[in-house]
Structure formats: structure tokens, C-alpha cells
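Undergrad: Chain residues, written in single-letter form:
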Amino acid sequence: MRLPVVVILTLLAACGSDAPPVVATDVVVKRPMPGMQMSAGYLTLRNNSDTDIAIDRVTSPQFGKVEMHETVIEDGVSRMRALGEVSVPAGSAVEFKPGGKHLMLMRPGDDLDSVTLEFHSGESMILSVSVTAGD
Amino acid sequence: MGSRKLLVAAVAVVAIAAGTWLSFNTSAPPAEPRVATLLPAKVELPEFALLDHTGSPVDRSVFDGQWDLVFFGFTHCPDICPLTLQVLASARSQMADEGFEVLPRIVLVSVDPERDAPEKLARYVGYFGDGTFGITGELDELRKLTGALGIWFEKSALDGDDYAVDHSAAVLLIDPEGSYRAVFSTPHEAENFAHDVPIIMGLR
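Those protein sequence lines, which keep their order, are chains U and F. Read left to right, the first sequence gives residues 30 to 164 (this note's numbering). Read left to right, the second sequence gives residues 971 to 1174 (this note's numbering).
None of these hints come from the bench; they were simulated from the model. Backbone N, C-alpha and C fix where the C-beta goes; we use that ideal spot for every residue, glycine too. Misleading hints may appear alongside valid ones.
What the hints assert, rightly or not - Label pairs and their calculated CB-CB ranges:
{"no.": "1", "chain 1": "F", "residue 1": "P1010", "chain 2": "U", "residue 2": "V101", "range": "27 to 35 angstroms"}
{"no.": "2", "chain 1": "F", "residue 1": "E1161", "chain 2": "U", "residue 2": "P63", "range": "26 to 34 angstroms"}
{"no.": "3", "chain 1": "U", "residue 1": "F148", "chain 2": "F", "residue 2": "E1147", "range": "54 to 62 angstroms"}
{"no.": "4", "chain 1": "U", "residue 1": "E147", "chain 2": "F", "residue 2": "L1128", "range": "17 to 25 angstroms"}
{"no.": "5", "chain 1": "U", "residue 1": "E114", "chain 2": "F", "residue 2": "G1025", "range": "40 to 48 angstroms"}
{"no.": "6", "chain 1": "U", "residue 1": "D140", "chain 2": "F", "residue 2": "D1132", "range": "20 to 28 angstroms"}
{"no.": "7", "chain 1": "U", "residue 1": "S150", "chain 2": "F", "residue 2": "R1093", "range": "38 to 46 angstroms"}
{"no.": "8", "chain 1": "U", "residue 1": "T73", "chain 2": "F", "residue 2": "A1066", "range": "32 to 40 angstroms"}
{"no.": "9", "chain 1": "F", "residue 1": "G1025", "chain 2": "U", "residue 2": "T73", "range": "37 to 45 angstroms"}
{"no.": "10", "chain 1": "U", "residue 1": "D140", "chain 2": "F", "residue 2": "A1066", "range": "28 to 36 angstroms"}
{"no.": "11", "chain 1": "U", "residue 1": "E147", "chain 2": "F", "residue 2": "L1009", "range": "23 to 31 angstroms"}
{"no.": "12", "chain 1": "F", "residue 1": "L1009", "chain 2": "U", "residue 2": "F148", "range": "47 to 55 angstroms"}
{"no.": "13", "chain 1": "U", "residue 1": "A122", "chain 2": "F", "residue 2": "L1128", "range": "24 to 32 angstroms"}
{"no.": "14", "chain 1": "F", "residue 1": "R1113", "chain 2": "U", "residue 2": "E152", "range": "47 to 55 angstroms"}
Said to hold, decoys possible - Which bits of chain U does chain F cover? Going by a derived footprint, with three or more residues having C-beta under 8 angstroms, they are:
{"no.": "15", "region": "61-72"}
{"no.": "16", "region": "98-108"}
{"no.": "17", "region": "137-151"}
With these hints in hand, go ahead and build the complete structure from the sequences.
TA: Right, dumping it as C-alpha cells:
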């Protein structure tokens, strides 16, 4: 079976201090399947600061639109919900993972290069992309 | 002396009988499905007229001749639908690795026929390997099939013109006579399918 090519995003922003206040890890975006106009992205965002933060919006120059969604299974029914914002309380982490919260990346353009998380505070974090070889 | 021989013989008979009884009762118990729910009676599929992923018309006979693991979803679903199909494809390859020669087909029935034309569905199911098959078609015909199988689905608006389709997440097992035999509820795990499906197919 062919597995989706996985591209790994590495953190560019929030570097510089000894203990980065906000750290993104396990950032993966699945390359869209042939002919598909969308894909999913996953990451873990840890907030090491003492201030609550919230992701308001996610953008990417390589996708027409990015939304935060959550797959919820209730009473045997799979539902997809758009998330307006995703809060990450101080000292906690939020996981975007298969079968749960995920980024829905729509209308892909050329090679995936970066994804930007925009926070309620007005700050943003750019997650750069490196494409792994593979199939 | 004669009665002593008789006693030895009687003991031997009892021992053999006990041994036989023990060997029956210590042999492996019949394998039971771990997660699948077997239907108390076979459910026959209704008549319907849909299309397969190659664009060919299909009716209920599309389920005849092989075991089918049937999942309902849509291609415009980046998270749970590919995840489930990967679980099913992985279960299928686990069964192949275990030496089973008869493997179930994986069938994705689109609950979003508006966006899932056969050509699009073909590219999508092709991604999950040769054993995967797609069904789409007119909404009215689709509802005949889903209604009979107890599968619910409904469009759900997202931002702008986008929409998702909420749908029953169960995976159904249909036998080669086209009868609905068992249902797998979420969470779906490849190991559970690889364990239970051969039991229901009578292979284990």
C-alpha cells in the first residue's frame, strides 16, 4: 500500500531565548492525494509560557485556504466541525492528530513550503516545511 | 486374581475415557470475534442502481462473489476517511501476511455523490491499493442502500460554500451472497479487523 508522503515542518519562529515559550513539534502535512484539492496537517503546540494563548487562524502561501477542523465521533456518527479558535492554556499543549483536531488545507498550489499560525495576541509563528523523500 | 485383572481393566477404561474427555475439553475453544457484532440474521441488500469507480452501472449484485468490508465516506475528507481506509488496507495486508488467500474487498461508498464523480473516486480508491473499490451515484439510489443498512449521513455546512458530510462511521461486512453479516463500530483498529474478519469468513 502506498502511504502518503509526509513532509516535516520545522520551527522557525519563537527561537532565540533559552526556553522557547511556544514550541511546535510533530508537525506533518500529508501531501494531497492525486487529484485531491485538500489535505490534512497535524502538529503539537506546547505553551511553556505563563500566559494563555489561542490560535485564531492558520494560513499557508501554498494553499488557497486553511481551516482548523475537528473530527468528532458521537453515537457512531463521524462529524467534522470547524474550530473558530484553538486555545492553549499556559503550561499545556494542544495536539492536532489523526482522528481529532486537524488542519484542513484546501486548494493546494506548488510544493508545500510553510504554514503560519496566527495567534489571538496578534503574534504569529511560521512553521517551515522540509519535504521528506518517500512514498 | 481374576477380580484384580478386572479392576486394572476397569481403571484403564476409565483413564482412557477421562483422557478422551480431557482432550476434547482442553482443545482450543472456538475463535470468537473480538469487536465485531454479528447480525442475528442475515440482512439482504435492497435493489439499487449506482455506479462503481470506473463509471460502470452497479446493482446489488456488485456485492456478490466476495467478502466486502464496506465503509461510508467521501473524498473531500482529509482526516478520518483516509485514516479508516488505511486501517482497512492494513488489516487486509495483515491477513495476507498471515497466509489467508481469500481476502475481503474494501468498498468505499461515497456519501457525497455531488462531489464524488466516478473519476474522482477512482483516483482516491486507487491510492489504497488494488483491493479497494468505490461506489457513488444518484443520491436517491444511494439512500436506498444506506437506509437498508442503517447508515445515516447528512451535509454539514462549513465556512463559506464548503461543506462536510457527517456520516455513520461503522464498517460493515457483507458476505459473498450479498448479505450483511457483521458490523464494526469505532474506534477502528487494523488488528481487530485482521482478527475478526477471518473468523466471520469461517477461515479461523
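Undergrad: Now, for every hint given, state plainly whether the structure supports it.
TA: How the hints compare with the structure:
| no. | hint | in the structure |
| --- | --- | --- |
| 1 | P1010/F x V101/U: 27 to 35 angstroms | 30 angstroms, holds |
| 2 | E1161/F x P63/U: 26 to 34 angstroms | 29 angstroms, holds |
| 3 | F148/U x E1147/F: 54 to 62 angstroms | 57 angstroms, holds |
| 4 | E147/U x L1128/F: 17 to 25 angstroms | 19 angstroms, holds |
| 5 | E114/U x G1025/F: 40 to 48 angstroms | 43 angstroms, holds |
| 6 | D140/U x D1132/F: 20 to 28 angstroms | 24 angstroms, holds |
| 7 | S150/U x R1093/F: 38 to 46 angstroms | 42 angstroms, holds |
| 8 | T73/U x A1066/F: 32 to 40 angstroms | 34 angstroms, holds |
| 9 | G1025/F x T73/U: 37 to 45 angstroms | 42 angstroms, holds |
| 10 | D140/U x A1066/F: 28 to 36 angstroms | 35 angstroms, holds |
| 11 | E147/U x L1009/F: 23 to 31 angstroms | 50 angstroms, violated |
| 12 | L1009/F x F148/U: 47 to 55 angstroms | 50 angstroms, holds |
| 13 | A122/U x L1128/F: 24 to 32 angstroms | 26 angstroms, holds |
| 14 | R1113/F x E152/U: 47 to 55 angstroms | 48 angstroms, holds |
| 15 | 61-72 | holds (count 8) |
| 16 | 98-108 | holds (count 7) |
| 17 | 137-151 | violated (count 0) |
Hint compliance for this structure: hints 11, 17 are not met, and every other hint is.
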